[in-house]
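Residue numbers (my numbering), protein chains in the order written: chain P, 1 to 715; chain L, 1001 to 1097; chain R, 2001 to 2172.
Just so you know, these hints were derived from the structure itself, not from any lab.
C-beta atoms are modelled at their ideal positions from N, C-alpha and C, and glycine is treated no differently.
You may find that some hints are simply not true.
Under 10 Å between C-beta atoms, here's a sample of chain R residues computed to sit facing chain P [unchecked claim]: (1) Leu-2093; (2) Ser-2094; (3) Ile-2097; (4) Leu-2100; (5) Val-2104; (6) Leu-2105; (7) Arg-2107; (8) Gln-2108.
Keeping only pairs whose Cα atoms sit at most 27 Å apart, straight-line, the calculated DSS-like set for lysine-lysine is [unchecked claim]: (9) R:Lys-2024 x L:Lys-1085; (10) R:Lys-2168 x L:Lys-1093; (11) L:Lys-1093 x R:Lys-2024; (12) P:Lys-633 x P:Lys-345; (13) R:Lys-2168 x L:Lys-1085; (14) L:Lys-1085 x R:Lys-2169.
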Amino acid sequence: MYNALGVSVQGGQATVETASQFQPFFPGLIILLPLIGFLINGALALRHAQASASAVRLGGELDLGDHLPPTHTLPSYVAPGVMLVAFLIASVNFARMFSVELHDPHVIEYWTWIATGAFTVKAAIQLDQLSILMTMIVTGVGFLIHVFSVGYMRDDAGYPRYFSYLNLFIFFMLVLVMGASYPLMFVGWEGVGLCSYLLIGFWFSDREKSDAGKKAFIVNRIGDFGFLIAMFLLFGMFGTLDFVPLFSQAANLEYGSGLVTAVTLFLFLGAAGKSAQIPLYVWLPDAMAGPTPVSALIHAATMVTAGVYLVVRSSVLYALSPIASATVAGVGVLTALFAATIALKQNDIKKVLAYSTVSQLGYMFVGVGVGAYATGIFHLMTHAFFKALLFLGAGAVIHSMHHSLHRTNNHQDPQDMRNMGGLRAFMPITWGTMWVATFAISGIWPFAGFFSKDEIIWQTAAFGGAAKAPYPMLYQVYWVIALVAAILTAFYMTRMMVMTFHGASRTGVEEVKHLHESPPVMWIPLIALAFFSVVAGWINVPEALRETFIGLGPLTSEWLHHWLEPITEQAHHIQELNLGEVAEQAPFGGGEVTWALVSTTLALVTVLASFQFLRRRNVKVAAEDTELSGFSKVLYNKWYVDEIYDRLIVQPLIKSSRFCWKVIDARVIDGVVNGVGWTARALGFVVSMFQTGTVNMYAFVLTIGALIILGVSVF
Amino acid sequence: MITEALVLSAMIFVLGTFGVLVRRNAIIMFLCIELQLNAVNLAFIAFSRLMGIDGQVFVFFVMTVAAAEAAVGLAIIISVFRHYKTVNVDNFKLLRW
Amino acid sequence: MIEVLFYVFAAVALGGALGVVWAKSPVGSLLFMVVTLGSLAGIFVLLEAHFLAAIQVIVYAGAIMVLFLFVIMLLNLGHDYQRDLKGGAFALLSFVIIGLMAGVLARQFSTDSIPELAVGGQAIDALLEQHGVVGAIAQPLYTTYVVPFEITGVLLLVAIVGALALAKKDGR
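Chain P on its own, in the form it takes in the complex:
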């Protein structure tokens, strides 16, 4: 019934016979190759460990000069190599899927993982439109980031270890998106959490950085609890956790039932942990302690999107529960606004991007919360491109700043934007590509972000105002907040660009002499990502816009929507039944085209105005900067959320743990155990008094024994 390399089992409902059968092309290899990469790089890392251990202790840098040992050069080829091959295999599968017009998911089972009575889970992968799309994003963007890392991490002592962790991460991420059941997805879920911990705390000799890794893992754990509870409930409801049978049964459930709402809310708790939404977003800004390519890959393009993928995969369940959908959208939009406000006042370039990621993830959840699942995935895809680009660009900037500060023995923070300024002259390619990304993220036509973000905002109005929609007022509020957050996005991104690349140079005269553009291995991925940040939006332009010039005529199509239809059709069917016709007009009047023009104009105006305004501002160097006060201080300190968590949750936990340890464990439990030992010794001592050693005593006891036996036998 199943075999290792691709003989398959057709899964799902009664199939609509298509022109030809879908023949998967070594799909198992896609997942296997990164694992092999991990093993090879891991072996190299172990060999390298001796040499690098002393270097790590001294600060993590190796002065290798031009002569690199093989443990250093091999990972440069192995790691990006496996990624490229995996991407190509995924592309072949995609092409085959495309040509065959596959409708039902194609499940390939490899072996039985859990088989206990009623509960069976097989190690199986599911090839369908959504999973192959996610796979291509993961391997494609991952490949570019691997190439970038070859240049970025060149001087690091832990070079092979880094690549082994990256490959392991890709392996788990692929298990997550290609798994055919919730438990398998959970395996990948936990695995990427582990790799996130390993990579954030990569420079573990620094206490702060390893703490950041721990924080990420622990906060994620809280979300995982939600995921587990949801799985238990799902098993109770359906008796299986495999996607294909589960979702076919789910369509028959009652709309708005309590159980479905509970399941979806718990699943969202898990998604909130992994995708950094309120209240579990606190780990992501701290995660910037890791190397910048890690932030690009994990905290922009792939791991944090796992939550969105989860919701889209379970779209049937979310369509059945209006309460949960409204909650998802609400949390998403609040997070989008909240994070945007914090990003306004941050000085560390990576922190700005971190909060920007949290904010954009909020947008994705708004999309899937209102019922536009394909749009959420669309924004996921475009965001992967421009956010990875932004992070890699920031990485190039930091790389350059770090080198120049290192050369002049300056101990300032290379990531602080107050120490930058006027970098355009030194790093033109980085400057250009990052402006492309900035336009994309601000939602300016015709860059990618415009089409995806704008459509989310429009769908909020459309679904929220649908004929039989529940809570129409609520969705109007969401719509307004989403627009406000978009304006804030444009503003803080422009601020970041101006502080870094424009204006007078604040880096110091000596240091400036060492600033230069990064090597080709680092700017080629930037160019590639910039290209996609421009064109990626053109694959999903809705009909309404295509009728005008906005749709760019023959260059665009509504392709992504159609591609993901087999995944989302069940959910859409339920929505049609229960929500009725979607609205044609936004709350303040005006159709889709009108508001598209309005939002892009707003974004463009914000960018231009803030550019002019901010350029003239006098930014002080970090060392001379004054303390902030008032509302700015609150924003700079992230609304004091970490401090609130510490007071309310962390300290009481520590206190109760301490109590458990010192009182219950040390005194009570140890006391009981020691007491038993003490009692045994005391009893033994007392009984040993019988051994007097005198013969008469022994005879006495003997006589007593004889008397007892005599007595018993007589009476």
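Since chain P is already given, all that's left is putting chains L and R on it; use the hints.
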């Protein structure tokens, strides 16, 4: 007469036990054990009047074994005496706690 | 007549036993023991166990007690006449214990249901008639109990060797 003989046997046995318990001289303790054996012999002989000749045959064996035991036991006491220079059992206290 | 004899012998035996336990000197104990053995031999005769009475006097009183005497003489124990009875609580407790024992045994032995001269006694009389005093013992000894007899012989051999080995002085 058999009943009286048995009662006598019981009393001599008990006296022998008492002697084992209260005397400190090893040889005298051993002697009291012999007294116990004799009491038992008397009981056997008395019962053989009721049960048959087998009781008397057993007494024969008891006496033989008692002789062998006396020889070996006294030899042990002699070797012990060589080490401790006394046969007072209160001195043999190596197994004390 | 036999009754009177029996009670006399019994009294002497008890007195001797008391003397064994109570005597101060070891030799005194030993002599009291001989007295007890002698009166017990008398009681054996009254109970129609003639051969065993003779054996008792010859082997027990004659050989074994002499052996004890030799050992006492060897160890030079006859000189100090310190009382070596354990006193105090121990003696009291021992007294209680043996009193209990006496009670139990006496209770068992003095039930009225023991008939005089039952079947066993007649069988012994028949044997005595047939084979004589010695033959009465010899006949079952050499037929039914020949295996224990032979083993007892081996036992005696072992005892001799053991006693020799134990009592040897070191060096020789």
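Hint check:
Against a cut-off of 10 Å between C-beta atoms, the interface hint on Leu-2093 of chain R holds, since the closest Cβ of chain P lies about 7 Å away. A distance limit of 10 Å between C-beta atoms decides the matter here; for Ser-2094 of chain R the minimum to chain P is near 6 Å, and the interface restraint holds. Interface restraint check for Ile-2097 of chain R: the shortest CB-CB distance to chain P comes to about 6 Å, inside 10 Å, so the restraint holds. Given the 10 Å rule on beta carbons, the hint for Leu-2100 of chain R holds: about 6 Å separates it from the nearest Cβ of chain P.
Restraint check, Val-2104 of chain R versus chain P: the minimum CB separation of about 6 Å is within 10 Å; hint holds. Here the hint on Leu-2105 of chain R is kept, as its CB sits about 8 Å from the closest CB of chain P, short of 10 Å. Of the supplied interface hints, the one on Arg-2107 of chain R holds, with its beta-carbon coming within about 8 Å of a beta-carbon of chain P, less than 10 Å. A hinted interface residue such as Gln-2108 of chain R counts as satisfied when its beta carbon comes closer than 10 Å to some beta carbon of chain P; here the least separation is about 6 Å, so the hint holds.
For the hint pairing Lys-2024 of chain R with Lys-1085 of chain L, the CA-to-CA distance comes to about 20 Å; that is within 27 Å, so the pair holds. Proximity of Lys-2168 of chain R to Lys-1093 of chain L is assessed by CA-CA distance (about 24 Å); at most 27 Å being required, the pair is judged to hold. Under the criterion of a C-alpha separation no larger than 27 Å, the hint pairing Lys-1093 of chain L with Lys-2024 of chain R is consistent with the structure, at around 24 Å. Between Lys-633 of chain P and Lys-345 of chain P the CA atoms are separated by roughly 8 Å; this keeps the pair inside 27 Å, and the hint holds.
Simply put, Lys-2168 of chain R and Lys-1085 of chain L have alpha-carbon atoms about 16 Å apart, close enough for the 27 Å limit, and the pair holds. Straight-line distance between C-alpha atoms of Lys-1085 of chain L and Lys-2169 of chain R comes to about 14 Å, which keeps the hinted pair within the 27 Å bound.
The structure shown violates none of the earlier numbered hints.
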